[in-house]
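Chain residues, written in single-letter form:
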Amino acid sequence: MDCTLEHYLIEGYLDGELGFERTLEVEAHLASCGSCAEEVQSWKSVREALQKPDLYYRAAPELERKIRKAALPAAAVTGEPVPWFSRWLWAGGGAALATAALLVAFFVTRPASSIGDQELVESHVRSLVGDHLMDVVSTDQHTVKPWFDGKLDFAPPVRDLAEQGYPLAGGRLDFIGGRTVAVLIYHRAKHPINLYVWPATSGGDASWRTETVRGFNVISGRKNGFEYRAVSDLNAEELHDFVQRVTQ
Amino acid sequence: MAERFEQVALPHLDAAYNLARWLMRSPADAEDAVQEAYLRAMRFFDSFRGGDSRAWMLKIVRNTCYSWTRKKRTAGAEEPFDETAHTSEEKRENAEAKLVAQEEGERVRKALEALPQAFREVLVMREIEGLSYKEIADVMGVPMGTVMSSLSRARQKMREQLQIPARKEA
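Taken in sequence, the protein lines are chains A and B. Each residue of the first sequence is one higher than the last, beginning at 1 in my numbering. Each residue of the second sequence is one higher than the last, beginning at 1001 in my numbering.
Hints may contain errors.
Said to hold, decoys possible - Listed next, the in silico SDA-like pairs over lysine to any residue satisfying Cα-Cα at most 20 Å (straight line):
{"id": "1", "chain 1": "A", "residue 1": "K52", "chain 2": "B", "residue 2": "K1134"}
{"id": "2", "chain 1": "A", "residue 1": "K223", "chain 2": "A", "residue 2": "T143"}
{"id": "3", "chain 1": "B", "residue 1": "K1134", "chain 2": "A", "residue 2": "K223"}
{"id": "4", "chain 1": "B", "residue 1": "K1134", "chain 2": "A", "residue 2": "H7"}
To be verified - Pair ranges (Cβ atoms, derived):
{"id": "5", "chain 1": "B", "residue 1": "E1106", "chain 2": "A", "residue 2": "S207", "range": "57 to 67 Å"}
{"id": "6", "chain 1": "A", "residue 1": "A28", "chain 2": "B", "residue 2": "P1165", "range": "42 to 52 Å"}
{"id": "7", "chain 1": "B", "residue 1": "K1134", "chain 2": "A", "residue 2": "E25", "range": "31 to 41 Å"}
{"id": "8", "chain 1": "B", "residue 1": "R1004", "chain 2": "A", "residue 2": "G16", "range": "39 to 49 Å"}
{"id": "9", "chain 1": "B", "residue 1": "F1044", "chain 2": "A", "residue 2": "E237", "range": "19 to 29 Å"}
{"id": "10", "chain 1": "B", "residue 1": "K1110", "chain 2": "A", "residue 2": "S138", "range": "41 to 51 Å"}
{"id": "11", "chain 1": "B", "residue 1": "E1006", "chain 2": "A", "residue 2": "D241", "range": "24 to 34 Å"}
{"id": "12", "chain 1": "B", "residue 1": "D1046", "chain 2": "A", "residue 2": "V137", "range": "46 to 56 Å"}
{"id": "13", "chain 1": "B", "residue 1": "R1004", "chain 2": "A", "residue 2": "A37", "range": "45 to 55 Å"}
{"id": "14", "chain 1": "B", "residue 1": "R1153", "chain 2": "A", "residue 2": "G16", "range": "16 to 26 Å"}
{"id": "15", "chain 1": "A", "residue 1": "S207", "chain 2": "B", "residue 2": "P1165", "range": "24 to 34 Å"}
{"id": "16", "chain 1": "A", "residue 1": "S35", "chain 2": "B", "residue 2": "Q1117", "range": "24 to 34 Å"}
Just so you know, the hints here were simulated from the structure itself, not pulled from any lab data. Every residue, glycine too, gets a C-beta built ideally from N, C-alpha and C.
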């Protein structure tokens, strides 16, 4: 059976992360597609294996007693001395927090030097699962643009195109090709458009190139020092029109 | 404040220990890390703005575990696997479990322990602890898309390890 249901939708369904409408869509698909239903069953077996009660380590009562003794008096009296190892750790606490986040980001991101269409489409599909599409929801470019401040090492150009029929819906961060990129979300009728933006490493504008990957249109190009990728299920012609306008 | 801390943080002690136990190599290290994390949580308690207290607590636990393992690594002396602590604890835990379920459980435990840390932790948080994508993203400090892709790859690995068949490809 040739099945096109994205695996992120299957897993999103399994994890209860799809919205109401998409859950119904996936359920309807599962009712008619034996292959996908089999896949859901397979993931459920993995889950059952992991949910065996003896894989959950519970804290010993002794540990709770120790914590009450150590942490709670420290709360009552400010400035209470804490053990030396604790103080040693405080010093590096903030840095450790940041580095840990970075480390994980590094290890779970595939080291890719260039950003492939395949990866963009994967990110686009993931963004459609649940409410993951936007981290900041606003149709106002003056709200969306400052939201990126301090989260990125560059300031992405943000333009609202409501009057041209492509209203801005919001923005989010994503990790693509081993780097953090800005994603701006626009709509055309019912079609969401993900516009990926990051600084270009080579100079000069590059003309727009359109590819179709798994039924999604991907338009790539470089303009005014930024790399742009637009991904949507919108038809190629309108998506091209959108890209022209948004990068003007 | 101590009372509020008690209400907010202590109910997550099992969740905290479970995560630490899967991230650290021995029960003793896990206990130390959890204790340290609670001391930190107490100190950072001002920064807790309400909301998801479990994700907040687990974030501190995870950071504590990571800084401990990194500290050991940068010290150059990778600590040898604590065979005695590990096996004696395992013996104790094993004795409590029934024999048949135990063999299957052991197989899954070994498979999960063998996964790279980045994969193991998302599986523990999603499948064992039952956290949502958003909560895992908060704990790890990464975008939700990253959680979804690493969870997906972790599941693939786990399924291979457990030799659970995938769907048949056409």
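Status of each hint after checking the structure:
{"no.": "1", "hint": "A:K52 <-> B:K1134", "verdict": "24 Å, violated"}
{"no.": "2", "hint": "A:K223 <-> A:T143", "verdict": "23 Å, violated"}
{"no.": "3", "hint": "B:K1134 <-> A:K223", "verdict": "34 Å, violated"}
{"no.": "4", "hint": "B:K1134 <-> A:H7", "verdict": "19 Å, holds"}
{"no.": "5", "hint": "B:E1106 <-> A:S207: 57 to 67 Å", "verdict": "59 Å, holds"}
{"no.": "6", "hint": "A:A28 <-> B:P1165: 42 to 52 Å", "verdict": "25 Å, violated"}
{"no.": "7", "hint": "B:K1134 <-> A:E25: 31 to 41 Å", "verdict": "21 Å, violated"}
{"no.": "8", "hint": "B:R1004 <-> A:G16: 39 to 49 Å", "verdict": "31 Å, violated"}
{"no.": "9", "hint": "B:F1044 <-> A:E237: 19 to 29 Å", "verdict": "53 Å, violated"}
{"no.": "10", "hint": "B:K1110 <-> A:S138: 41 to 51 Å", "verdict": "48 Å, holds"}
{"no.": "11", "hint": "B:E1006 <-> A:D241: 24 to 34 Å", "verdict": "59 Å, violated"}
{"no.": "12", "hint": "B:D1046 <-> A:V137: 46 to 56 Å", "verdict": "29 Å, violated"}
{"no.": "13", "hint": "B:R1004 <-> A:A37: 45 to 55 Å", "verdict": "48 Å, holds"}
{"no.": "14", "hint": "B:R1153 <-> A:G16: 16 to 26 Å", "verdict": "20 Å, holds"}
{"no.": "15", "hint": "A:S207 <-> B:P1165: 24 to 34 Å", "verdict": "47 Å, violated"}
{"no.": "16", "hint": "A:S35 <-> B:Q1117: 24 to 34 Å", "verdict": "33 Å, holds"}
When each numbered hint is compared with the structure, violations occur for hints 1, 2, 3, 6, 7, 8, 9, 11, 12 and 15.
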